[in-house]
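Top to bottom, those sequences are chains C and B. What the first sequence shows, in numbering that gives the first Met the number 0, is residues 0 to 370, in sequence order. What the second sequence shows, in numbering that gives the first Met the number 0, is residues 0 to 370, in sequence order.
Do not take every clue at face value.
Since the list can't tell identical chains apart, any single copy or any two copies may satisfy a pair.
As the list claims (entries may be wrong) - Heads up, simulated DSS-like pairs for lysine-lysine below, C-alpha to C-alpha not over 25 Å straight-line:
1. K273 with K51
2. K285 with K170
3. K149 with K94
4. K126 with K40
5. K51 with K149
6. K282 with K320
7. K285 with K149
8. K282 with K214
9. K127 with K40
10. K51 with K180
11. K273 with K241
12. K51 with K170
13. K94 with K214
14. K321 with K282
What the hints contain is simulated information worked out from the structure, not anything from laboratory work.
2 protein chains.
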Amino acid sequence: MIKLKYTLVLTSILLCIGCNEQNKQIADTPVESNDIISIQKQGTFAVGGSVKQSPGSFDPIAHGAFNPTNQSTEGQTLHGDHASVFYQIPTEPRKLPLVFWHGYGQSMRTWQSTPDGREGFQSIFLKKRYPVYLLDQPRRGLAGQSLEPKTLEAKTEDQLWFGIFRMGEGKRFYPNVQFSKDPEALNQFFRSSTPDTGPLNINLNIEAVSQLFGKIGDGILVTHSHSGGQGWSAALKTNRIKAIVAYEPGSNFVFPEDNIPEPISYVGGTLRAKGVSMEEFQKLTKIPIVIYYGDYIPETEVENPGQDQWRAALSMARKWKKTVNDAGGDVTLVVLPEIGIKGNTHFPMSDLNNQEIADVMYNWLEEKKLN
Amino acid sequence: MIKLKYTLVLTSILLCIGCNEQNKQIADTPVESNDIISIQKQGTFAVGGSVKQSPGSFDPIAHGAFNPTNQSTEGQTLHGDHASVFYQIPTEPRKLPLVFWHGYGQSMRTWQSTPDGREGFQSIFLKKRYPVYLLDQPRRGLAGQSLEPKTLEAKTEDQLWFGIFRMGEGKRFYPNVQFSKDPEALNQFFRSSTPDTGPLNINLNIEAVSQLFGKIGDGILVTHSHSGGQGWSAALKTNRIKAIVAYEPGSNFVFPEDNIPEPISYVGGTLRAKGVSMEEFQKLTKIPIVIYYGDYIPETEVENPGQDQWRAALSMARKWKKTVNDAGGDVTLVVLPEIGIKGNTHFPMSDLNNQEIADVMYNWLEEKKLN
Numbered sequence: 000m001i002k003l004k005y006t007l008v009l010t011s012i013l014l015c016i017g018c019n020e021q022n023k024q025i026a027d028t029p030v031e032s033n034d035i036i037s038i039q040k041q042g043t044f045a046v047g048g049s050v051k052q053s054p055g056s057f058d059p060i061a062h063g064a065f066n067p068t069n070q071s072t073e074g075q076t077l078h079g080d081h082a083s084v085f086y087q088i089p090t091e092p093r094k095l096p097l098v099f100w101h102g103y104g105q106s107m108r109t110w111q112s113t114p115d116g117r118e119g120f121q122s123i124f125l126k127k128r129y130p131v132y133l134l135d136q137p138r139r140g141l142a143g144q145s146l147e148p149k150t151l152e153a154k155t156e157d158q159l160w161f162g163i164f165r166m167g168e169g170k171r172f173y174p175n176v177q178f179s180k181d182p183e184a185l186n187q188f189f190r191s192s193t194p195d196t197g198p199l200n201i202n203l204n205i206e207a208v209s210q211l212f213g214k215i216g217d218g219i220l221v222t223h224s225h226s227g228g229q230g231w232s233a234a235l236k237t238n239r240i241k242a243i244v245a246y247e248p249g250s251n252f253v254f255p256e257d258n259i260p261e262p263i264s265y266v267g268g269t270l271r272a273k274g275v276s277m278e279e280f281q282k283l284t285k286i287p288i289v290i291y292y293g294d295y296i297p298e299t300e301v302e303n304p305g306q307d308q309w310r311a312a313l314s315m316a317r318k319w320k321k322t323v324n325d326a327g328g329d330v331t332l333v334v335l336p337e338i339g340i341k342g343n344t345h346f347p348m349s350d351l352n353n354q355e356i357a358d359v360m361y362n363w364l365e366e367k368k369l370n
Numbered sequence: 000m001i002k003l004k005y006t007l008v009l010t011s012i013l014l015c016i017g018c019n020e021q022n023k024q025i026a027d028t029p030v031e032s033n034d035i036i037s038i039q040k041q042g043t044f045a046v047g048g049s050v051k052q053s054p055g056s057f058d059p060i061a062h063g064a065f066n067p068t069n070q071s072t073e074g075q076t077l078h079g080d081h082a083s084v085f086y087q088i089p090t091e092p093r094k095l096p097l098v099f100w101h102g103y104g105q106s107m108r109t110w111q112s113t114p115d116g117r118e119g120f121q122s123i124f125l126k127k128r129y130p131v132y133l134l135d136q137p138r139r140g141l142a143g144q145s146l147e148p149k150t151l152e153a154k155t156e157d158q159l160w161f162g163i164f165r166m167g168e169g170k171r172f173y174p175n176v177q178f179s180k181d182p183e184a185l186n187q188f189f190r191s192s193t194p195d196t197g198p199l200n201i202n203l204n205i206e207a208v209s210q211l212f213g214k215i216g217d218g219i220l221v222t223h224s225h226s227g228g229q230g231w232s233a234a235l236k237t238n239r240i241k242a243i244v245a246y247e248p249g250s251n252f253v254f255p256e257d258n259i260p261e262p263i264s265y266v267g268g269t270l271r272a273k274g275v276s277m278e279e280f281q282k283l284t285k286i287p288i289v290i291y292y293g294d295y296i297p298e299t300e301v302e303n304p305g306q307d308q309w310r311a312a313l314s315m316a317r318k319w320k321k322t323v324n325d326a327g328g329d330v331t332l333v334v335l336p337e338i339g340i341k342g343n344t345h346f347p348m349s350d351l352n353n354q355e356i357a358d359v360m361y362n363w364l365e366e367k368k369l370n
């Protein structure tokens with residue numbers, strides 16, 4: 000079917016009078032190349048959030064001039080704490096959209112171009128005809144308007160995150176890591192981070208994401224790192240989340256309140272699980288869930304904090320999988336090196352082998368009939 | 000030609016076996032409807048910026064754990080002050096891309112969906128086969144990482160901007176304003192603002208935009224409000240800017256240093272021009288430039304600061320046009336109500352009549368052979 004479609008589109012292009020060089024290039028590519036993204040609708044909207052109101056009444060004549068140092072706020076509102084969503088609906092879309100939610104210090108940028116400039120999951124899955132929604136959670140990126148103040152400190156911490164994101168230790172890459180050694184790739188990677196513009200509040204995030212599904216209907220949630228645990232909570236708030244793909248969830252694992260595992264200590268911290276009622280927890284057994292972890296995660300304690308926190312996370316994820324599945328759930332946990340995919344950092348979706356990582360996810364969706 | 004192309008694509012769709020409801024809807028629309036955006040490439044990258052380096056050396060074992068309250072910055076870097084750019088290249092692209100640069104408190108969001116959910120200039124001009132680049136300037140939106148600290152105050156100031164953006168006075172819309180009265184439109188509008196995440200520094204912005212053109216080559220710069228004046232300065236830094244479309248430029252008009260006009264006072268402030276050498280200034284005479292202003296701008300002083308500052312801006316823009324054109328330039332200044340287009344706010348590109356506004360811009364591009 001796909002092949003037929005492209006043959007026909009190709010025929011159209013070949014027949015088109017006035018083809019320019021561009022057309023010729025397109026016409027020269029194989030019909031299976033699937034290189035064009037065909038969009039029937041795209042756009043951006045805000046979802047969730049609330050409104051802050053200052054007492055008094057606003058006088059547009061007395062206080063209507065911009066004065067950065069001494070602005071009256073009397074009687075005015077501020078809209079904030081919403082998420083911002085960029086969506087693209089391909090032609091001939093599949094039924095269930097993919098909603099991509101970034102991790103800590105990140106934004107929708109995670110799913111766009113890779114650090115070395117190749118296409119990210121946004122374009123890869125659009126080409127597979129999934130509607131794609133990219134989130135900036137409240138107080139991040141394009142959803143920058145926070146209703147609470149915050150001081151941004153501009154601290155130098157690139158190397159801290161280089162370690163926690165398991166690209167390497169110190170300033171040295173891990174051997175065989177799936178990350179380009181072109182210095183521009185690392186430059187782009189560091190510049191894809193963006194700070195919290197208000198105090199971190201996961202309840203705001205969960206509420207906004209749950210409202211997003213209320214607005215767009217049934218869909219598949221794809222999380223990364225810090226959004227992983229929030230994703231479980233979002234699925235408790237809305238029954239519109241029909242499946243979850245979680246890349247490297249790090250915290251906020253949700254267990255039945257009478258079966259919360261012991262906290263897991265790691266170098267630099269302690270990972271604690273959250274408890275909810277068994278009735279709530281049961282909701283997580285109703286949808287298929289897959290969790291992926293990359294490489295360089297030790298099985299036993301190591302001195303390097305950048306690795307050791309992921310030992311704790313993976314250990315908690317294994318307990319979580321068992322608990323959900325024992326209650327009748329359908330959680331799959333894939334440690335990528337165990338299926339022969341090696342060298343992945345904390346960002347498999349933008350690593351050098353991200354096409355392969357996308358295929359693994361796509362095959363899981365197919366297996367679960369989520370296509 | 001266009002008609003032929005769409006007839007052929009339509010034929011492909013009609014012939015496609017396994018058409019779903021979506022396809023049928025598409026097939027039912029007229030062939031001229033031009034409703035599909037065909038993308039050959041899209042992605043995001045950072046451009047410009049610099050790197051801050053803390054003295055000392057980084058110890059990944061001692062300082063590699065995330066500690067939000069007491070993080071060592073020793074020996075670490077921070078990448079920041081870059082712009083973030085989302086680009087989409089349509090199939091059969093025109094030669095010159097459009098680079099869209101937002102105004103104060105805004106982001107790439109300005110050019111995406113309108114507050115009432117219709118398509119913005121991003122999609123409108125993609126459908127006209129222009130490559131489209133959307134900027135978040137340094138310290139804004141997805142380019143949030145600033146190298147200098149800043150406290151975000153979360154001040155209530157929606158009504159201040161409602162006035163300055165000439166949607167109305169106080170909380171009341173102007174009569175016949177081109178803005179939807181659906182409360183959700185205003186909600187979306189307010190939520191499209193996003194704060195500066197570092198001190199405002201127009202030199203950083205200008206440098207990043209100039210580097211963007213260095214990277215992508217010749218193009219057309221489209222500015223809004225605060226980026227208007229910065230756009231003139233960017234065109235002095237790079238000869239890759241081949242035309243400028245400026246919506247409601249507000250400040251930083253650039254004049255020859257021996258011919259700087261008197262400052263213009265308005266309620267709440269004073270508008271001053273900037274001086275550059277005649278040699279520099281001459282560069283602005285080499286490219287076609289068009290400036291658009293919307294409605295509700297008085298010709299003489301009024302007490303409402305939200306309107307009066309635009310009287311000053313328009314007055315300065317008229318002087319600027321005359322100065323550039325007297326030196327051999329090609330500046331067109333259009334006050335939309337004077338050509339019969341009424342009710343526009345400070346955001347004509349997202350007002351109710353934005354398709355008409357886009358047509359006006361498109362016709363100018365055509366007239367200047369920038370198609």
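A quick look at each hint next to the structure:
Proximity of K273 and K51 under a CA criterion of 25 Å is satisfied in neither setting, with 30 Å inside one chain copy and 38 Å between copies. For a Cα distance limit of 25 Å, the shortest separation of K285 from K170 qualifies neither inside one copy, at 43 Å, nor across copies, at 47 Å. For the homomeric pair K149 and K94, neither the shortest alpha-carbon distance inside one copy (40 Å) nor that between copies (44 Å) is at most 25 Å. Proximity of K126 and K40 under a CA criterion of 25 Å is satisfied in both settings, with 14 Å inside one chain copy and 11 Å between copies.
When the C-alpha separation of K51 and K149 is checked against a cutoff of 25 Å, the pair qualifies both within a copy, at 16 Å, and between copies, at 21 Å. Within a single copy, K282 and K320 get their C-alpha atoms as close as 14 Å, which meets the 25 Å cut-off; across copies the closest is 65 Å, which misses it. Proximity of K285 to K149 under the C-alpha cut-off of 25 Å is found in neither arrangement, the shortest distances being 39 Å within a copy and 45 Å between copies. Proximity of K282 and K214 under a CA criterion of 25 Å is satisfied intra-copy only: 20 Å inside one chain copy versus 50 Å between copies.
In this assembly of identical chains, K127 and K40 lie within 25 Å of each other by CA distance both inside one copy and across copies; the values are 16 Å within and 15 Å between. For a Cα distance limit of 25 Å, the shortest separation of K51 from K180 across copies, 21 Å, qualifies, whereas the shortest one inside one copy, 47 Å, does not. When the C-alpha separation of K273 and K241 is checked against a cutoff of 25 Å, the pair qualifies only within one copy, where the shortest distance is 22 Å, while the shortest distance between copies is 57 Å. In the homo-oligomer, the alpha carbons of K51 and K170 lie at most 25 Å apart only across protomers (15 Å), although the nearest pairing inside one protomer, at 44 Å, exceeds that limit.
Only within a single protomer do K94 and K214 lie at most 25 Å apart by alpha-carbon distance; the minimum there is 15 Å, versus 39 Å between protomers. For the identical chains of this complex, K321 and K282 are intra-copy neighbours only, at 15 Å inside a copy versus 68 Å across copies, given an alpha-carbon limit of 25 Å.
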